[in-house]
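S.K.: Here the protein sequences line up with chains A and B, keeping their order.
Under my numbering, the very last position in the first sequence is 251; numbers go up by exactly one each time.
Under my numbering, the very last position in the second sequence is 356; numbers go up by exactly one each time.
By construction, these hints were calculated from the structure, which means they are not laboratory data.
Errors might be hidden in some of the hints.
Heads up, simulated DSBU-like pairs for lysine-lysine below, C-alpha to C-alpha not over 35 angstroms straight-line [unchecked claim]:
no. : chain 1 : residue 1 : chain 2 : residue 2
1   : B       : 271       : A       : 179
2   : A       : 153       : B       : 152
3   : A       : 40        : A       : 149
4   : B       : 271       : A       : 105
5   : A       : 40        : A       : 179
6   : A       : 183       : A       : 40
7   : B       : 271       : A       : 149
8   : B       : 271       : A       : 58
9   : A       : 114       : A       : 179
10  : B       : 271       : A       : 183
11  : B       : 271       : A       : 40
12  : A       : 114       : B       : 271
Label-pair ranges, simulated between beta-carbon atoms [said to hold, decoys possible]:
no. : chain 1 : residue 1 : chain 2 : residue 2 : range
13  : A       : 156       : B       : 289       : 54 to 64 angstroms
14  : B       : 239       : A       : 239       : 46 to 56 angstroms
15  : A       : 180       : B       : 291       : 53 to 63 angstroms
16  : B       : 326       : A       : 248       : 48 to 58 angstroms
17  : B       : 288       : A       : 153       : 50 to 60 angstroms
18  : B       : 340       : A       : 245       : 34 to 44 angstroms
By construction, the Cβ of each residue, glycine as well, lies at the ideal position given by its N, Cα and C atoms.
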Amino acid sequence: MRALIIDDEDLARAVVRQHLEAHPDVEVAAECANGFEALKAAAQHQPDLIFLDIQMPKLDGFEVLELLEAEGRRPAVIFVTAYDQHALRAFEAHAVDYLLKPFAKERFDAALAKARLLVAAQPAVPPPPAAELAATARQGRPLERIVVKDGPKVTVIHLDRLDWVQAQDDYVLLRTEGKSILKQQTLASLETQLDPARFIRIHRSYILNLDRLVRVEQDTKEHRDAVLRDGTRLPVSRAGYQRLRELWEDA
Amino acid sequence: MHPLLVSRARLGTYLLGWVPIALLLAGIARSQGWNWLEATSLALPLCLLGALLFLGTWYLCRAMPLQNTVDGLATQSAVWGTAALLMGGLWAGLAWLLARVLAWLPGLGALPQRVQLALPVITGLGILLYLASVALSYLMLAQARALEAERKGAELQLLAQESELKALRAQLNPHFLFNSLNSLSALTAVDPVRAREMCVLLSEFLRRSLGLGERRLVALREELDLARAYLAIEQIRFGSRLRLDLTVDPATEPALLPTLLLQPLVENAIKHGIAALPEGGTLVLTTELVEGHVILRVENPRDSDAPTPQGLGLGLGLRQVRQRLLGRFGSRARFEATSLAETHRVTLVFPLETEP
Chain A
1 MRALIIDDED
11 LARAVVRQHL
21 EAHPDVEVAA
31 ECANGFEALK
41 AAAQHQPDLI
51 FLDIQMPKLD
61 GFEVLELLEA
71 EGRRPAVIFV
81 TAYDQHALRA
91 FEAHAVDYLL
101 KPFAKERFDA
111 ALAKARLLVA
121 AQPAVPPPPA
131 AELAATARQG
141 RPLERIVVKD
151 GPKVTVIHLD
161 RLDWVQAQDD
171 YVLLRTEGKS
181 ILKQQTLASL
191 ETQLDPARFI
201 RIHRSYILNL
211 DRLVRVEQDT
221 KEHRDAVLRD
231 GTRLPVSRAG
241 YQRLRELWED
251 A
Chain B
1 MHPLLVSRAR
11 LGTYLLGWVP
21 IALLLAGIAR
31 SQGWNWLEAT
41 SLALPLCLLG
51 ALLFLGTWYL
61 CRAMPLQNTV
71 DGLATQSAVW
81 GTAALLMGGL
91 WAGLAWLLAR
101 VLAWLPGLGA
111 LPQRVQLALP
121 VITGLGILLY
131 LASVALSYLM
141 LAQARALEAE
151 RKGAELQLLA
161 QESELKALRA
171 QLNPHFLFNS
181 LNSLSALTAV
191 DPVRAREMCV
201 LLSEFLRRSL
211 GLGERRLVAL
221 REELDLARAY
231 LAIEQIRFGS
241 RLRLDLTVDP
251 ATEPALLPTL
261 LLQPLVENAI
271 KHGIAALPEG
281 GTLVLTTELV
291 EGHVILRVEN
301 PRDSDAPTPQ
311 GLGLGLGLRQ
321 VRQRLLGRFG
331 SRARFEATSL
341 AETHRVTLVF
351 PLETEP
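Only chain A is shown next, with the shape it has when bound in the complex (with noise of 0.2 angstroms):
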């Protein structure tokens, strides 16, 4: 069995690798320092297992996931962190483990035999989707940024410079910064991720960073467009309007 063992600090990795000598089965392919390594490592030695921190600079541990899931990767995962226990409590639910830092021998070989039961047989119920995952972890707290793999670049988002978002079929057009970006996810999935006083879905087919909202304009009687502050119009559908009116109001 090949593994990678993510994270950001040396002494944390060695442990892991420590804990790795007593089972001469599982080859440690690559030790990554963060997730960039990580996405390169992983797309050069297919890694059955990973060990991921979470907390690590420009790309966190669940982003590491997204982004492999992405390129159609989704090995077995230990989450190895000092984050917060009550929000990985969860995880068990999903077959997805989790050691807490510091652990024990017991503990990890606990762990590691469940990855292997995982890698060997494919489960009938697969785990869910790292988003999904991360959603849990965040306990309620909206999304902070957006990452997105296109070819060999990634593409991390703070979410104060997204501008908008349109849906395209199963793809999300983000706008930001003058740029667009092509992302697999829909329109409906990255809606309940966003901060809703932050973004409002003005369109079947649009989200709209409030931030960004100048003025709203009545063209015919049924049609209003949004006006952006780089003078970009969207349109905005009755239900739409009414969701901002609510807004409005509330302030």
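Assemble the complex: chain A is given as a structure, and chain B must be docked to it using the hints.
M.R.: Just chain B now, with coordinates in the frame of chain A:
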């Protein structure tokens, strides 16, 4: 200070309240066959005199809070009754004097005689008005007491917040603690000597932060010692990613400041600076003494891809640091957080005050 005399608006309202009484008095006089001139020229000045005279009731009421025993109430009723009789009489006497004076004016020659006849009515009205002013005074006193209680409540709430803060300060950052223990767990196998060193550092840090949590003010020297212990641990954790550049002016070391003010700055610099960068960076901590003021600066590199916090969008940690610094030194201190593209800097400036 009398509550009606503290502002013009209140005094004005009070005097306005006397207008209907003056009208009532004039009306009664008219019904007794006085002409309009006589009625108004007596009623208006008499009411003005009454308004001023009865202001004094409040002082007496304040000196004699309402009793809630039957005996106490009886005594007080007797006192107020007597006072009301006296004041009613005094008021009637004033009316009589006023009439004498006004009689000099043309057209008011009959006034003294008319007042003479009306003296019992004026006395009675005076008694009633005096009792009303007693009631009003007690009402104002009760209201003032309620306001006072509210203010005290707010003060207590503030105190509670302060102690909550204390609890918060004593609370250790669990993420730091668990990560350090994890590093320690790695070191035990590969480098027992450094493992022991880390144990000592961790104990020192814990002992110091527990000790500091109890105090309100502390010398900068102790804050720096705590920060050094903390940073030594983080250096083991982050290895070559964390580089330190500490420059401490010895003259600033005895400066007193609110407890655990430096620690959140250093923790933030690690969390949002070093830990957020794959290659890490240098944490710069300097203190200097300029014209009797300590300038304390913590600077760290930041992820240039992350959005810069706008305006005063400080995190809870920094907001509390600012609040506590300004709470202690007021306008003599300054808090500044600057976020540039690649560096984040927090500067505290506060007057050098030392232990006596």
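S.K.: Against this structure, judge whether each hint is valid.
M.R.: Verification of the supplied hints:
{"no.": "1", "hint": "B:271 with A:179", "verdict": "holds (30 angstroms)"}
{"no.": "2", "hint": "A:153 with B:152", "verdict": "violated (61 angstroms)"}
{"no.": "3", "hint": "A:40 with A:149", "verdict": "holds (12 angstroms)"}
{"no.": "4", "hint": "B:271 with A:105", "verdict": "holds (29 angstroms)"}
{"no.": "5", "hint": "A:40 with A:179", "verdict": "holds (25 angstroms)"}
{"no.": "6", "hint": "A:183 with A:40", "verdict": "holds (20 angstroms)"}
{"no.": "7", "hint": "B:271 with A:149", "verdict": "holds (26 angstroms)"}
{"no.": "8", "hint": "B:271 with A:58", "verdict": "holds (13 angstroms)"}
{"no.": "9", "hint": "A:114 with A:179", "verdict": "violated (43 angstroms)"}
{"no.": "10", "hint": "B:271 with A:183", "verdict": "holds (30 angstroms)"}
{"no.": "11", "hint": "B:271 with A:40", "verdict": "holds (26 angstroms)"}
{"no.": "12", "hint": "A:114 with B:271", "verdict": "holds (33 angstroms)"}
{"no.": "13", "hint": "A:156 with B:289: 54 to 64 angstroms", "verdict": "violated (43 angstroms)"}
{"no.": "14", "hint": "B:239 with A:239: 46 to 56 angstroms", "verdict": "holds (54 angstroms)"}
{"no.": "15", "hint": "A:180 with B:291: 53 to 63 angstroms", "verdict": "holds (55 angstroms)"}
{"no.": "16", "hint": "B:326 with A:248: 48 to 58 angstroms", "verdict": "violated (35 angstroms)"}
{"no.": "17", "hint": "B:288 with A:153: 50 to 60 angstroms", "verdict": "violated (45 angstroms)"}
{"no.": "18", "hint": "B:340 with A:245: 34 to 44 angstroms", "verdict": "holds (40 angstroms)"}
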